[in-house]
Amino acid sequence: MLDELRAALSVKGAEFIEARAASVWTNDVLIRDNEVERVKSGNSTAYGVRVLVKGSWGFAAGNDMNRMRDIAEAAVKLAKAGGRDALKTELAEAEAKQDRIKTKVRKHPLDVALEDKVKALKELAGYGRISKKILTVDAQYIDAYGVNAYVNSEGAAIQQEPVNAFLLFSAYSKGEELFRANDRVAGHYGVEVLEGKEGFVENVSKNALLLLKSKLPPKGEMPVVIDPKMAGVFAHEAIGHACEADSVINQRSILEKKIGMQVGSEHVTIIDDATIPKFFGSYHYDAEGVPAQKKILVEKGVLKQFLHNRETAKRLGTRSTGNARSQSPTEFPLVRMSNTFFDKGDRSIEELLEGMGRGVFVSGMKGGVTEPNTGYFQFAAEYGHLIENGEKTAPLRDITLVGNIVKTLKNVEALGKEWSGGHPGFCGKAGQSVPVSDGGPHIRIGKVLVGG
Amino acid sequence: MDELIKYALKKADEAEVYECSGNALLARNSLSKIETLKREEEWGAGVRVVVGGRAGYSYYNNPAQARNAIDAAVKSARLSHNEGYSLPRKAGYERRDVFDKRVCGIDEEGIVEMLLDTMTGVRRFASPSQGEVGVEVVTVRITNSNGVHHEEQQTRMTAYAAAKRKDVIAQHWEASRKLVENVADIGTRAGETAMNGVGAGKLSHTGKIVIDPEVLGVLIEETVIPAINGENARRGKSPWAQDIGKRVATEKLSILDDPTIPWSVGTTAADDEGVPTQKKVLVENGVLKQFLHNSKSANLAGASNTGNGFRQGFTEAPSISSTNTVISATEREDVFEGRGAYIKELMGYHNINGVTGDFALDVVHGFMFKDGEAIKPFRGSLLVGNVFSIIKDCALHEKDEHRGDFIGPAIAFNGRVVSK
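Residue numbers (the working numbering), protein chains in the order written: chain A, -15 to 436; chain B, 9 to 428.
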């Protein structure tokens, strides 16, 4: 694949050329109720060439590897079309790495027959049918493996052989209303992702049953304890996006000009780390061939740094943090997060709840939105519990947390000592989604607006 | 392609090949500079075979992999549940307005010029924040062993502008299968909304609420469209599962799925299974009439196939999708009469509970109005309500708007906006 990509580097008229390609094989199994609803296997290959001509980007993509040189020429033509209205770009220096990396997993998807994957998933789905009130369950297994490569005109040449696996499980419960609970496991795994997940599946169904007994939450400002999943969403949505240097440069981040300033309480430390083995947001090299790194974004409440690709790093006078990522080689690389999380604290859950009076314990994640330019956020939890006199009582549903991120981070009072991370998800930005994960401990926040 | 089908029939009872090839050009600005210029060409194929009533799926985009894909699909079919499935039969197609050669004619310089035009439009009232102009030409070809053969060449153009004035960012967009000629107007409308939003305060209001057609379109897409999905209905996951023949909306209102509207982005002569598309009344004068189906869900539900089997790309199996959604009214009025709160833009739509219809969404742009005149802007407030309740008791505006694949009016109802 590296040799095929190198054909792009011979195109004339550009001061910088890079080419990326990936060929991915997938197997996808969906179980609905007790039946094998769908099995799908396939392969796709795609590539993209990005060039700089007098500081203007041109980007072209295709999937016929024989047209590599034509695609590279199309990129040069585009770069020239931008002319004087194009943003002028220079890249921060980066070492031209040459490397070959193979992901090691315990059970490579190629070594396990498709029928065995189907059988294992079907058995696993059975553990979700724990009650007659569970109307239906969906279980999905996907594995993806193959090869990807990166070359550039500075001499970088990297080939990687990634392996990923996903397990998704949903349960629907029905009483007077219909409720859905779901969870997933995903990361740099092989077929072993299906092993020992009986408790995971049962737990999703238990949550679906819990929703049947749930009530709407009280509304208004109150203390809350958020679980590691919701904590991860705060880290990712609220701080992570505002730390993306392209948003900062484009005046879309509330954290612009705030490096070195207090943006949260002294308990708050937030990290983006692309190097954690197995985690869904991890990688070895980013989409510009820069090695993955661990970055402390906020330390004891103080904003330390932003996330960069080579372009934003040059603009802000620093080095790339290895956060250039794209959905596929056919998409323009953007500044993206990897695994983003709160560092842990020192309290037990009992200590977090102690003396809270009336509040809400918030669990799981259903969706969230943030406005990086104002700091406004709105997060929906999957379920939760009322807290009365420091104890979890009635189950709740449709809990929404609303507020301003900096104000809210300043209201963080204490963090739990148990940490959970690697909660997988796909992060969307400018129409591209990339694999990420988030995490954190349980966190007590003194005051948040609870809606629903 | 016939050769591939012949190869498949050595191992399978039926076979289908869906081929999609496309060429796209896109320009994007950030603040006042062009940030991205991109061209993409793509070709890919999705394969489906049927073995003893079981369907199996595969895909490829390297022609050398074609036979491997057939083999993989056969293997997949053998592992799947026997649904007594059979591929769609041969059919005739109507010709639809989906291809505008002016869109194909746009080159690198042309798209740059159009993007600059949107920015010029924005500058009348604000400054450019972000924007995008994209054009694409796609050819979809479906062939199956039951005699289905359909090919359609489609064009599509999208233009989007986001404008910033002080701390207000507003946007406007259009999408069509034909050339969007007025790209500067898109920028102007975004700029105007941003300018009018300056100085917006929070609002608490109980009483008349009017929502913009675009807001209505998204609320319908998040709740009503899943509710009329035939597969959701069959599996009991639709709140309307048992409601055929029952009243689900005000009698003033009908909901249609209409793939025939000239140049609309959801318009097509056939779905991605090669089934002719057709105009359907889903809710007629408030009464639920039918669900949307593809070949698989129609087979399982014993219903007729409505031609709504679409793939989200060649790698995906066909699922059920709407084409163009139309809200039509038998009785209309000027909903801007009197005093009320007009909701122009909301955010966080994924926080809508698609099953119950409940929502509490943040108002990005809203205006208090009196007798058709905007009095003052507001934001930082939540619109709280339930989509299924709103459509049971609402008034429909005199005029429709066409935005992407949605056509409908602004609607008015009694509701509440709460200050955060």
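One should not assume that every hint holds.
Claimed, not checked - Capping the alpha-carbon separation at 20 angstroms, the derived lysine to aspartate or glutamate pairs in EDC-like fashion look like this:
# : chain 1 : residue 1 : chain 2 : residue 2
1 : A       : K61       : B       : E292
2 : B       : K98       : B       : E11
3 : A       : K413      : B       : E140
4 : B       : K254      : B       : E292
5 : A       : K81       : A       : D(-13)
6 : A       : K197      : B       : E292
To be verified - Which chain B residues face chain A? A few, computed with CB under 10 angstroms, are given here:
#  : residue
7  : S38
8  : E91
9  : S94
10 : K172
11 : G244
12 : Q320
13 : T323
14 : E324
15 : A368
16 : L369
Hints are computed from structural coordinates only; laboratory data are not their basis.
Every residue, glycine too, gets a C-beta built ideally from N, C-alpha and C.
Determine which of the earlier numbered hints do not hold for this structure and return their numbers in increasing order. Violated: hints 1, 6, 9 and 12.
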